[in-house]
Amino acid sequence: MSRTRTDLLRLISISFVLVIHVTGPYELHFVRNHDYLSMDFLAVILNQLARFSVPVFVALSGFGLTAKYLEKTKKQGSAAGNISISVGPFYADRLVKIGLPFAFWTIVFLYFRDRLGGPYNAEFFEGMVPYLYRKGADYHFYFFHIIFECYAVFPALAWIMGRGSRYRKVILIVSALLQFYMSQPSHIVFADWPRPPFLFSAFILYWQFPLILGMFLAFQNGTGAAQETHPEAGESLYSGTSGRKEDPATAKWQKSKTTRWYSILATLAFLIALLEYIYWSYRSDMPGDFNHFTRISVMLYSAAVLMLFRSWPEGHVHPALTSSISYLSGLTFFVFIVHTALLRALQHYLPAWLPLTLLLLWFLGFGLAILMDRLIGWRWLRLTLALDKRRTSWPLSGW
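With positions in the sequence shown counted from 1, the corresponding number in our numbering is that position plus 233.
Calculated from the structure, these hints are not laboratory results. Quick caveat: nothing in here was measured; it's all calculated off a predicted structure. Cβ coordinates follow ideal geometry from the N, Cα and C atoms, glycine included. Careful: at least some of the hints might be erroneous.
Said to hold, decoys possible - Capping the alpha-carbon separation at 27 Å, the derived lysine-lysine pairs in DSSO-like fashion look like this:
1. Lys330 - Lys622
2. Lys622 - Lys305
3. Lys308 - Lys402
4. Lys368 - Lys330
5. Lys305 - Lys330
6. Lys402 - Lys305
7. Lys402 - Lys490
8. Lys622 - Lys308
9. Lys402 - Lys307
10. Lys488 - Lys402
11. Lys308 - Lys330
12. Lys330 - Lys307
13. Lys622 - Lys307
Stated by the list, open to error - Have a look at the derived ranges for each label pair, beta carbon to beta carbon:
14. Trp426 - Leu365: 30 to 36 Å
15. Tyr353 - Ser419: 40 to 46 Å
16. Ser317 - His267: 20 to 26 Å
17. Ala574 - Asp268: 26 to 32 Å
18. Ile406 - Glu547: 40 to 46 Å
19. Pro322 - Gln580: 39 to 45 Å
20. Pro418 - Gly350: 41 to 47 Å
21. Thr617 - Met361: 38 to 44 Å
22. His267 - Phe357: 42 to 48 Å
I would like the entire structure built from these sequences, with the hints used as guidance.
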């Protein structure tokens, strides 16, 4: 995948995260009324269509980090496929880029939720500790915990997977089986089997497959001739070739065939996820009981979308469009954090009409991100707010 392709996937994913949260209230109406000729059912369709977004974000993080360290190792003269990670600097870097905005925005959200008013005794500080590893200052902060857990195990996983393709395949297969065992609806099929205790947003139990799939694909590309490198996890990826000489026409036909199969697989997985949602909606009036990202159908759907983007034939893209996609992609972390606060304001002041709310949320989220990006230049403040550490050039000048 080219840099533009992966930036586009990241931009699409954050847009679909907004879709998921805007459609939430409509879900509640649908599961209670089951009106299929209503905005509520349209919202359910959009909600299920958007379910690939968060697993793909996790996969992109694994893909981007692996690509970054493979390229770094390659520049040091090591053989293709080897990977070298200095654990101390790695954790320090992740702590700054993810931990700093997590701490800052957690304080901001807790303050506006009146959770920091005291009294500042032992009980108060004990109550704050779960926000660091289990609870979220807002309902979407679970993603921070997932990413922290991904980073915690990434160096060890990368070292094992870097030992050879056989190790990578075994880990991918074991990961898929573990995901199948832990995910809905396997909890019914394997109800009598031993299961680890539930931990809120526990990566090791429920989110390990997207990370490992992303890492696996990065190793596949990294063992060939890398075409592009991408500096930040989840933001930029790179692709490679297998090193074999193929007839261009044959290669193009084969890639087109592969793309069609992934398109079919993604469509079928989406339909299964939608039908599964409808089935469970007749058995519970709370979508939170069954509408999980880590359902087997959603994980399959997410993997198919990722592979579809990876296999899609490359074409010429206008340089100005490329720079715009790259620029907006770099703002998605900030948009992800602040969009729920903006959504609450829109829901409070606007009539309940899904298209208007979604459109305004997208433009307000990215508009605020662009404003902050253009106004703030100090590196540490940018990192604290979840912006890139350096301001990038304004993309619209190339149009």
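Subject >> Violating hint indices (sorted, rising) >> reply: Result: hints 16, 18 and 21 break, sorted rising.
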